[in-house]
Amino acid sequence: MIEFLYTNAWGAFIFLLMLQIPFLFIFFHIVNKKAFVDSKPSTTEPERYSRYRYAWMGVVVLAFVVVNAASIGYMPTIVEAKAESDSNITDVSVTARSWHYQFSDTEFKVGETVRFKAKSMDTVHSFALYHPDGKLLFTMMLVPGAGIDSAVVHTFTEPGEYTVRCLEFCGIAHHTMKNSFTVL
Amino acid sequence: MSTAINAIERVPFFGGMFRMESNELNPVNVWPSLISMTAFIWFAIAAVIGLSMPAIQFMDLGANWYYQNITLHGAAMTFPFAFQLMVGMSLHRAGACLGKRADDIFVKLFYICMNLGALLLTLAVLGGFHVTYTVMFPLPVVGANMGQWSMGTLILGFTGIALVLTSMIVLYPVKILKMSFFEKTDENLQVAVRTLKDPGMVGMIMGVLVLLVTGTPLMIVAGSLLMHLYGIFPAEWVGWAANPVVFEFVFYIFAHNLMEAMAIMIIGAVYATLPLCTADGSRKLYSDKIALLALWILLITSITSFFHHFFTMYPALPSTLAYHGNIMSYATGVGAALTIFTILATIWKHGIIASPALFLILGGFVMYILDGASAIVISNVAWNFQLHGTLWAGGHAMVVLIAISALWMGMLYYHYPLMTNRTIDDNLARSSIKYLFISYIGLFYTFMAAGAAGVPRRNGDWDGDWMIYGVFIAVFGIMMIYAFVLYFLSLYRSKPIDY
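For the protein sequence lines, the chains are A and B, in the order given.
Heads up: the first sequence begins at -18 in this note's numbering, then just goes up one per residue.
Heads up: the second sequence begins at -1 in this note's numbering, then just goes up one per residue.
Just so you know, the hints here were simulated from the structure itself, not pulled from any lab data.
You can take every hint at face value.
Cross-link-like lysine-lysine pairs, in silico, PhoX-like; alpha carbons within 25 Å at most:
1. K432(B) with K14(A)
2. K176(B) with K195(B)
3. K90(A) with K116(A)
4. K432(B) with K493(B)
5. K159(A) with K90(A)
6. K116(A) with K63(A)
7. K98(A) with K63(A)
8. K14(A) with K282(B)
9. K21(A) with K282(B)
Quick caveat: nothing in here was measured; it's all calculated off a predicted structure.
Just need the whole structure built from these sequences, with the hints factored in.
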């Protein structure tokens, strides 16, 4: 479950709904009640407001801490550190120019762990890797002159044709800036 | 009769939304009305262009046309519409609350710089300068060198951007600060007395200070580049400013905080207006102290949360700064949670009068919170690597502007009788709010779902599987335009107040 939440963008969508649905329910309930059902001043005791406030803020802070703490293992620094200790990493250099990519290697095998190190030679580009089923696995922003190449470590778990796209607008042929490679 | 009233009267339809006569409150009403009216004209242009974008994709009319229209749409919606509407309304509010004139040289220069700048940028875009509203530096220069557009359109576009930035970063903040701290109070103009301790006024001052402080570095960098383009500064003087990392950072320090400043200002305005709409007539918030605490948390945490725009540069962006940006982004959510509590507790404690103005303000606030949730989700480092550059990010930028604009449009409903001596058409206003909210929800979740599906933002060629999102965007976009037409009509069909 946690793996799905943080390695799939639909996990982010589910968390978004978990934040929004309770808010919408409570907000509309209170507004409806105090605008249409009974707009008279409330007789709620002042101390209860303080209690609700602390409870509400406690829930919010706890939710934020938990969701971020649980995501630590999926942050690129940690993923890279784990991969370095568990397996051999194949380094692949990627150079982006308007509107194509150059790879130092384009043949990968299932189970292979690859560190894509990418840079841009002209304007801002990105390197976004799509799974053969269309799911976006990760994206890197490539800013020319950054000094250090952007890098993400990824382990291929399934064979198929993977697509690389630029997601940063880079000119009139931006949409044509894509490439693909096969994982065997 | 003033030039501004003449200008309003001469504009077909939109002028009819702000019919007014000369009276003693003209110094706080007329220029804010002209500025707001002009913002709505820009909206009308930008909305039609926005609707053309799915049409271009459906009919496969060409990516370059799509890039032209996405640049025009984004720039017009953000600057001469959303920002200009905020300026119009906040100048009126500041003037009427503090008893200061909102028609001096700073206001007039703001109006000229904003609209002339937006016009020049529009001409440059029509001439081929397709860089999107985020500029994407160094794309403007790279594109000119590659022959994607001419150096002339680059200079024209940068001149327009410089004028727009001058209006936003210098003229408007300086005017609000002058009104708040320096100009003499005219009691005849002070319709609703407020002090600088009031959360509403504090929010406004925080907002303009953020614009001034975070925008100044961008003014220096962009100004240096412009001087080089004009041939005044040699290349060696501006090499530092032309560094893409320098430009991107100063740009996002400003652009990110521009949205935060607009949000802080509008929350301040909600704090000021909600008590005036309470059923028990208490004219009080649940707690001024909690309201101020929420504003301070939003201010302090939002300034350095801009690092979330650069998470995916890892390791060029050090992890420490990425985690800092992550934590600060979620901390803005703490400020937002306190705001939610303050607003709901006020409503619960005092009850509310169900007026269109208040419902549009509360609807806008709901939109703002829904969007804020999408912003903090994408500000988690792990999720950012799967969502950055998709329609999730593009949708977030779009819907936060819709939310903020809806809030200011609610404020306009509230202040309209004072500004024009007229009352809005209530039935049209209620229909407008209903359609605006439904279309917002539709657009918001379409963009979020498209982002989760990996659909790229600013892409001129939607793959077959992605077109379904375009269909929903078109449907809800048409509904939103309908909602705005109803909103305009609710002002156009206003009636004089019968004393």
